[in-house]
Amino acid sequence: MNRSPYITDAPAVSIIMLKVLLALVPGIFAYVWIYGGGILVTIALATLTALISEAALLKLRQRPIRPYLSDLSAVVTAWLLALALPPLAPWWLVVVGTLFAIVIAKQLYGGLGYNPFNPAMVGYAVLLISFPIIMTKWPAPLILAQTPLGFMDQLHFIFSNTLPTDVKIDAVTSATPLDYLKTQLMLKHEVSGITQAPIFGVWGAKGGEFVTAAYLLGGLYLIQQRIISWHLPTAFLATLAAMSLVFYTVNPAHFANPLFHLMSGASMLCAFFIITDPISGPTTPRGKLYFAAGVAVLTYLIRVYGGYPDGVAFAVLLMNMCVPLIDAHTQPRVFGHTKN
Amino acid sequence: MNSIIQFASKLLRGQTAESSEVHKFHGGVHPEGHKQLSTSLPIAKLAIPQKLVLPLRQHVGYIPKVKVQVGDHVLKGQMLAEAEGTVSAAIHAPTSGTVTAISEAIIPHPSGLPDMCITLTPDGKDEWTTLRPTDWRNTNKKELVASLRASGIVGLGGATFPTHIKVRADGKSQVHTLILNAAECEPYITCDDMLMRERADEIVKGMEIVKFLLGAENCIVGIEDNKPEATAAMTEACKALPDTSVKVVPTLYPSGDARRLIHLVSGVEIPHDKRSTDVGIQVFNVATVLAIYRYFAFGEPSIDRIVTITGSVNSPQNFKVLFGTPLQTLIDAAGGVQSGTTHFIMGGPMMGFDLPTIDVPITKAANCIIAATPNLFAPPPPAMPCIRCARCADACPVNLQPQELYWFSKSDNFEKARDYNLFDCIECGCCTYVCPSNIPLVQYYRYAKSEIIAADKAKEAADLARERNEFRLARIEREKLERAQKHAERAASSKTETAKTESTKVDATKAEEVKAISATTESEKPASSTDDAKKAAIAAAIERAKALKAAAAQAGESQKKSDAATADTPDASGKSAQTEDEQAKAEQAKKDKQALIAAAIERAKAQKLAAAQAGIAPKNVEDASPAVKAEISEIDAIREKAKQAVKAQDSDSEA
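Top line first, the protein sequences correspond to chains W and U.
For the first sequence, position 302 matches number 302 in our numbering, and the numbering has no gaps at all.
For the second sequence, position 583 matches number 1583 in our numbering, and the numbering has no gaps at all.
No wet-lab data here; the hints were simulated from the structure.
There could be a bad hint or two in this list.
[As the list claims (entries may be wrong)] Calculated Cβ distances over 10 Å to all of chain U for the following chain W residues:
1. T8
2. I15
3. K182
4. L259
5. F335
[Said to hold, decoys possible] Below, simulated SDA-like cross-link-like pairs (lysine to any residue); rule was C-alpha separation at most 20 Å, straight line:
6. K1274(U) <-> T338(W)
7. K1410(U) <-> R63(W)
8. K339(W) <-> N1399(U)
9. K1045(U) <-> D1332(U)
10. K1410(U) <-> P26(W)
11. K1274(U) <-> D1419(U)
Virtual Cβ for every residue (Gly too), placed ideally from N, Cα, C.
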């Protein structure tokens, strides 16, 4: 029988997923530092929900449970969704979002390798449409909050939606810079004036920019480990920067500068962790460039002109739909063939 | 300034000054070499075994024709089987002895199926037959090529393509560059490496002969940089030669693939639908040119080769092994196997295959035998779904999209797989090597390729069957018409004899009936006159017959021509046979086909003409005249014959 090659040198899928989780750790650290330990509860909740629902669905679909659970892909989805949600999101929001991501977006399409849409972004989009108020209500970074919540207070808030008696909800939450910028611009204020507000940091959101920087660090680790290719993040960040630069140059009073766009919202998470999902993304090098650029353009347009403060989730889902088309039209030249 | 930029770009591309002339190909992988296992000891000569089993199928192409009988005593180097057909190679006796069997035995092939083998029991004298060295510099090239046909030499790199076909001039393309493939990129294999270290002079002499045969102007030896000793030996041996260079290429599997190596050392990318000779390049393995040297310098035919025996044997080494030697003899010479050895792999770990049993002989293709343990080659974990990570696409040396090919092959979407250039896949295994999901990708491609080839063949057969069936239906209709006409004639004559008294009414109705029958069988349009129609039909049939005959004659002639080309004429003048090649034959086949098509058009025209004359529609109108019928059937037979000849040629040129 001819079953060559007899040797392989490839990291297992579980190792790849493990490295993605590892790359998220700096971001989580920064998160805890900026927003408090509540995010750990959210991550734990999402992970648990993802594993249980994945196991249940695998059983229903009569697939082996152990190899598929241990590939860690469900955990990656759970972590990404958890990190995309507001840090003090109520427990049921996390559970509903994760369930939707794993059950509908992943398993019902055939499980690992068969989902056309990024499961975490499907979960996020469903929550954003269904519960827009909760989804856009972010806690203020601890350094800005009038009364910073301790870990136990956060835990209590996540599960019972109640704050300590002496604390008002407005004291712990604030608008995100992207949201604030949008509403203030509608009130005919100028960007230079708006960004003087305390929620703005040096590059992006005060505090949040450190989380973003930590994601960048994790992303570079993934490129160095050859888990992701440079094409996607580079094309995404370059396009987002170029697009915001054009608008900023034309009218700096009305459009934020490129650095703000790169360091705000989910830009870095998207560049290194969301659009790099291989299953729902394109496979050709040129296709990756187009895909990432498309996500960046849509993200910018939704941020600036759309109804939501950040547009990453919708941008990714919209571009996911284009993947078969992109792949089909970006086939590289095969050795010995002329370009057709 | 420019030089600084160039230097910087070279640095960026990771190239050193030394290898700056190397043109990288896309992808490739770096499997661990394990070559030092079998290079610590020099090449040893294996003793003559008790029994030699020589499979007739040791090369690509037709099996040779056996020239000996059981019981014959043969001398070392005597031809046992003669090359038959264009792509074929002879088999010689590796030592003197007696032919004790010509029967089926298991051969070293992935199928594990038995095939015809000649069994030789050595007499121990190792007595050579009369050897005839050739003064190749002063001999006609055509003669040399014809003589090479009797050498039994095939590509010893593993492809086993008969060598005499590679050196003959096809009259169309002039080879200007000979590339010596010394890359030996597969892990574990070191037979070429050791051969170069020990016998570089003879290799270079063989290279000179091949260069002369091809009329090439330059030679390039391509060696991977993991063989410094071989590189040094080859550089030394080539030193005095003009237009010859040794190019060191980076160790990157599969740099030993001919098209990849050509690109590496010359920068030429062979178009996917062309051969290297079309752009003036021919590639030979080092062991093959050495065999050519031995053949011309000493008259020695191909009776042995260097085989690497490695893996879990106690003393991995390279041996000079007579073809037909049982594998067990080789294993014993290498100190036997270590415990835990489960099976043997022939070839390298990237493209080799499991030997079906240990009871197989060493053949011309056996460059390496690896004793395998589960420790060395762990069985792959169960395959997971493809996560479209495209690592395979990054590794593919042909720049295919293996993940797409896998998807199409798995879902039996073969047309799509073909569109995505499945047939450009060289089955090197790089994609499987890097797959995190442990998917046996190459197996999927092999499956898809075989399914597509089988479907193509079935379609061809179906087309032929349909054509035959249409012809048959036409014949049946024609016969029906003939019967109706005969019946009408008979009825008419009997009526005039016996039923004169009957009323003319009945006559009229009968005639009406006959008319109706002929009308329905002939055509929808009413015939103005049956006589006219008949005449026209006869004319049409004759016209058609003429056209067919002409076509058949044409086809027959070209068939004869190509027959002559195929016929093996190893005479001294060597005028006819060797100048033709498969491509020429393929063209001939095309011409024949064109002739047939032309005949068909001619026929259609004749029919139309006749119809126009008679003023009826030309629908299967046939004449009953037995002479014409006989002629038609004769022509049909000729036509069928011509067709079969064309088909045979097609399959021949494919082979």
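- Message: Of all the hints numbered above, which does this structure not satisfy? Sort the numbers upward.
- Response: Violated hints: 1, 2, 5 and 10; rest satisfied.
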